[in-house]
Amino acid sequence: MKIILRFIRKYGPKLLYMILFLALWQGLVMVFKIKTFIIPSPIKTLSHIFVPEIASKYHWFKHIRATATEILLSFGITAVTGVFLAILITWSRFLRNLITPIIILMNSIPKIALAPLFLIWFGYGILPNVLIAILIAFFPVVINTVTGLNSVEDDLLDLVRYLHATKLQLFLKIRIPNSLPYIFSGLKISATLCVVGAIVGEFIASDKGLGYLLRDAQAFIDAPTMFASLIVISSMGLLFFSLISLLERTIMPWQLDKQEKSR
Amino acid sequence: MKIFSILVLIFMVFTISMWAGGQDETEGATGEAPQELQKMNFQLNWKVMGDHAPYYVALNKGWFEEEGLDVNIIVGQGSAYTVQALDAGKAEMGISDAPVPIKLRADGAKIKIVGIIFDKHPNCMYFWKDSGITKPSDIAGRTVAVPASDGHKVMWPAFARLIGVDPENVKFVNIEPAAKVAALASKNAEVVFELYTGKPFMEKAIPVEELGYFIWADYGFNAYAHSYVARDDVIENNPELVRKFLKAAYRAWEFTLENPKEAIEILSEYHPINKDDYLVNLEVMMDFFKTDRYNENGIGYIDPSRMQETVDTVEKYMNIDINFPLDDIYTSAFLPDPMYFYDY
Numbered sequence: 000m001k002i003i004l005r006f007i008r009k010y011g012p013k014l015l016y017m018i019l020f021l022a023l024w025q026g027l028v029m030v031f032k033i034k035t036f037i038i039p040s041p042i043k044t045l046s047h048i049f050v051p052e053i054a055s056k057y058h059w060f061k062h063i064r065a066t067a068t069e070i071l072l073s074f075g076i077t078a079v080t081g082v083f084l085a086i087l088i089t090w091s092r093f094l095r096n097l098i099t100p101i102i103i104l105m106n107s108i109p110k111i112a113l114a115p116l117f118l119i120w121f122g123y124g125i126l127p128n129v130l131i132a133i134l135i136a137f138f139p140v141v142i143n144t145v146t147g148l149n150s151v152e153d154d155l156l157d158l159v160r161y162l163h164a165t166k167l168q169l170f171l172k173i174r175i176p177n178s179l180p181y182i183f184s185g186l187k188i189s190a191t192l193c194v195v196g197a198i199v200g201e202f203i204a205s206d207k208g209l210g211y212l213l214r215d216a217q218a219f220i221d222a223p224t225m226f227a228s229l230i231v232i233s234s235m236g237l238l239f240f241s242l243i244s245l246l247e248r249t250i251m252p253w254q255l256d257k258q259e260k261s262r
Numbered sequence: 445m446k447i448f449s450i451l452v453l454i455f456m457v458f459t460i461s462m463w464a465g466g467q468d469e470t471e472g473a474t475g476e477a478p479q480e481l482q483k484m485n486f487q488l489n490w491k492v493m494g495d496h497a498p499y500y501v502a503l504n505k506g507w508f509e510e511e512g513l514d515v516n517i518i519v520g521q522g523s524a525y526t527v528q529a530l531d532a533g534k535a536e537m538g539i540s541d542a543p544v545p546i547k548l549r550a551d552g553a554k555i556k557i558v559g560i561i562f563d564k565h566p567n568c569m570y571f572w573k574d575s576g577i578t579k580p581s582d583i584a585g586r587t588v589a590v591p592a593s594d595g596h597k598v599m600w601p602a603f604a605r606l607i608g609v610d611p612e613n614v615k616f617v618n619i620e621p622a623a624k625v626a627a628l629a630s631k632n633a634e635v636v637f638e639l640y641t642g643k644p645f646m647e648k649a650i651p652v653e654e655l656g657y658f659i660w661a662d663y664g665f666n667a668y669a670h671s672y673v674a675r676d677d678v679i680e681n682n683p684e685l686v687r688k689f690l691k692a693a694y695r696a697w698e699f700t701l702e703n704p705k706e707a708i709e710i711l712s713e714y715h716p717i718n719k720d721d722y723l724v725n726l727e728v729m730m731d732f733f734k735t736d737r738y739n740e741n742g743i744g745y746i747d748p749s750r751m752q753e754t755v756d757t758v759e760k761y762m763n764i765d766i767n768f769p770l771d772d773i774y775t776s777a778f779l780p781d782p783m784y785f786y787d788y
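Protein sequence lines correspond, in order, to chains R and H.
Here the working numbering is used: the first residue of the first sequence is 0, the next is one more, and so on.
Here the working numbering is used: the first residue of the second sequence is 445, the next is one more, and so on.
No lab work stands behind these hints, which were simulated from the structure alone.
Careful, some of the hints might be misleading.
[As the list claims (entries may be wrong)] To list a few chain H residues with every Cβ distance to chain R over 10 Å, as calculated:
hint	residue
1	N516
2	K615
3	I650
4	V652
5	E653
6	F665
7	P704
8	E713
9	D721
10	V724
11	E753
12	Y786
[Stated by the list, open to error] Partial chain H-side listing against chain R, Cβ under 7 Å, derived:
hint	residue
13	V598
14	A623
15	I659
The beta-carbon is built from N, C-alpha and C at its ideal position, and this holds for glycine as well.
All chains should be built: construct the whole structure from the sequences, respecting the hints.
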């Protein structure tokens, strides 16, 4: 009983907003007689996901699995290489001057312009989609981590230097732990960018995935399926973001206390 | 969450007001008549290509003005957008692939086909000659790259049946339209579906003697494709506008087909195009006008039985119920009298 009450207190308002929003959407579509190909009603849209007779045509599970694989792979690689690159950049002036311009150049490329090239280089499938997601997502991780690694109090640095700490010790014990909040805020941004990146990759060339499904629905001017795919894609983004937040809270419970207090 | 909901609300209200506001805009546009010219918006189907030259010819030579029209040509974003924009009142007439207004009419769009552009269907498949494909049915079991949101994938089951292939027996890869040449050139796909008008661009990447292609229409595919469309209420309240536009447009087509080079020259005065590429592009399209039907009846003629066939195909393969009679989706009443012809 208590658990149910707590659940309602915690998620009740969110659920209520959601229901109100859907009701409003349905109401507006009905009152203004908005045609399906402009904005489909939520009932029609959701039926394409949840009503088995309709949904089975779209093989949701296959497409969700493909996109989820791409998101997880690209995020894993982004997180590791992003933090590693940031450490390299902070490690020495030489490496910073070497790496930073390349990263900025790569981030400035409009990824969709790479479409024909990626198809030639890597074909289609999971690999090119993961690569595109990484290209789109890695920038915030690197930049945030670099900021974090550099934002150590000068007094603290003076102290450890006085104690003859090695550069490695300085990174492992001071700079990296200090940058954790920054790394996580970078990771949170890149988590949603990985979702975008996977879909962009699937737009360029794919034989499965939610981006594939979305493009198919476009070809058939099937607005409910387009909206349904978008809902699934953004729900995946939301879920993934929440997972990262949960991880953040587990690794740095003190950070959460700080946030609560500052409210 | 609260802020999010409010934002979504604002977005929805905004979208709807734009959609509703669009209609007012048009009324204003057609209502006022400065210098006694009737203003109208004409929505193209895609970014400017060789086949859009006639509208600029008609502008340039003053043929729209002769008909009392002040035509504003709007660059397009695909057939679905054309029909949506027309239905929302953002343009009076436009160009669309024929299946789109048929499908969307079943969903409530009030759009009609009022004239045909290409008489021969431009759908085409490309492949390397050394891939062992010698007839269309050899496509069975192959990997086919198809640019998303052009009509090939939608119409594929109909064509597959014609050539005796199980529609499920190919592996589709959806690709970005910009990647269609690369998909075939790099052999990442064995077959690429792309309009016949894309041939000059294919030939830039693949040697002419190694590039194989089949035009679907040559193997019995008989649906209608690029057509002029207009909104029902424009046809009802302002039939002369439709008639006048079509007269100037087909007159310009006749000129363009007979003077392609000059037409592209005129187009280049309005848009920064590569004239050589666009001329080749236009010359490829001219094949779609060299049909017995157009020879006998004139450019733009609508064949009722063929329109019925197109509607049947759409009903069958786009999962819709055709809830309207054939006369609702097209009318031949506004074609020029006399018709224009292409002497080749």
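Hint check results:
For N516 (chain H), the requirement that its beta carbon stay farther than 10 Å from each beta carbon of chain R is met, with the minimum near 23 Å. Taking the minimum C-beta to C-beta distance to chain R, about 6 Å, the non-interface status of K615 (chain H) is violated against the 10 Å cut. Non-interface call for I650 (chain H) relative to chain R: holds, since the shortest CB-CB distance, roughly 13 Å, exceeds 10 Å. Every C-beta of chain R lies more than 10 Å from that of V652 (chain H), the closest at about 20 Å, which supports listing it as non-interface.
Every beta carbon of chain R lies more than 10 Å from that of E653 (chain H), the smallest distance being close to 22 Å; the non-interface claim holds. F665 (chain H), annotated as away from the interface, keeps every beta carbon of chain R farther than 10 Å; the closest lies near 17 Å. With a cut of 10 Å on Cβ distances, P704 (chain H) stays outside the contact zone with chain R, its closest approach being about 28 Å. In this structure E713 (chain H) is separated from chain R by more than 10 Å, as the shortest Cβ-Cβ distance comes to about 28 Å.
The non-interface label for D721 (chain H) is consistent with chain R: the shortest C-beta to C-beta separation is roughly 17 Å, beyond 10 Å. Interface exclusion of V724 (chain H) from chain R stands, the closest Cβ pair being 20 Å apart, more than 10 Å. A cut-off of 10 Å between C-beta atoms confirms that E753 (chain H) is not in contact with chain R; the least separation is 19 Å. The Cβ of Y786 (chain H) sits about 31 Å from the closest Cβ of chain R, beyond the 10 Å cut-off, so the non-interface label holds.
Hint status for V598 (chain H): holds, given a least beta-carbon distance of 6 Å to chain R, under 7 Å. For A623 (chain H), the shortest C-beta to C-beta distance to chain R is roughly 5 Å, which falls under 7 Å, so the interface hint holds. Residue-level restraint check for I659 (chain H) is violated (minimum Cβ-Cβ distance to chain R is 20 Å; threshold 7 Å).
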